[in-house]
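Make a model of the complete structure from these sequences and hints.
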Amino acid sequence: GENVGLHLPTLSVQEGDNSIINCAYSNSASDYFIWYKQESGKGPQFIIDIRSNMDKRQGQRVTVLLNKTVKHLSLQIAATQPGDSAVYFCAENLQPNDYKLSFGAGTTVTVRA
Amino acid sequence: EAGVAQSPRYKIIEKRQSVAFWCNPISGHATLYWYQQILGQGPKLLIQFQNNGVVDDSQLPKDRFSAERLKGVDSTLKIQPAKLEDSAVYLCASSLDARVPTDTQYFGPGTRLTVL
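If you read the protein sequences in the order shown, they are chains G and A.
For the first sequence, the numbering used here gives the first residue as 1, with consecutive numbering after it.
For the second sequence, the numbering used here gives the first residue as 1, with consecutive numbering after it.
Hints listed in this document are in silico derivations from the structure and should not be mistaken for laboratory results.
All of these numbers come straight from a predicted model, not from anything done at the bench.
One or more of the hints may lead you astray.
To be verified - For each label pair, taking beta carbons as the anchor points, the in silico distance ranges come out as:
| # | chain 1 | residue 1 | chain 2 | residue 2 | range |
| --- | --- | --- | --- | --- | --- |
| 1 | A | L116 | G | T10 | 25 to 33 Å |
| 2 | G | A29 | A | T104 | 16 to 24 Å |
| 3 | A | L84 | G | D98 | 29 to 37 Å |
Ideal Cβ positions, reconstructed from N, Cα and C, are used throughout, including at glycine.
See the structure below:
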């Protein structure tokens, strides 16, 4: 977890708005990044991943952006719903082509009705 | 498809006691991981297995923690003796094969351990 950090530990979002969760990393050698969602009492759930040869990747209601110049990763959630309330973790691999992950501390997202 | 199964879900013990956790990975997954997640932090890797062999146990406190995956399927993680600072959620994850690019890890629900 020392290589991956988050700008804000908590984020409060109005239902229907878009959410942006930020993550900074320090290991220039990392070439694989992943976002997980963890709801209370559950294990982390895979959301989306991106390799370092890409800048952007889209999934269902989610987009991950990677800026290698400033070592920044973000997760955008469109039309945030109450079910999106959870802790979101970014993770990076420790070495190129190695899929052991280092996790950040997480951002707690709370969706207001 | 069934997910990663873990048991027990909760365990309360006193310090210096022993405890064991069990994990059943997704069927066909060759790679299995154990993580420790302390409250308010992200998961920290303890050990990684590829089939029944240990790939990485550099973060495992081997004086008190041990893990095995004898038949390359189920795994157990043991703590003996437990310390107060071992209170955490112990997560098991599995993936198809960590040697394949962009291999995705799938997590179980975890075992919440409280050491009194």
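Against the structure, the hints:
no., hint, verdict
1, L116/A x T10/G: 25 to 33 Å, "30 Å, holds"
2, A29/G x T104/A: 16 to 24 Å, "21 Å, holds"
3, L84/A x D98/G: 29 to 37 Å, "33 Å, holds"
Checked against the numbered hints given earlier, the structure satisfies every one of them.
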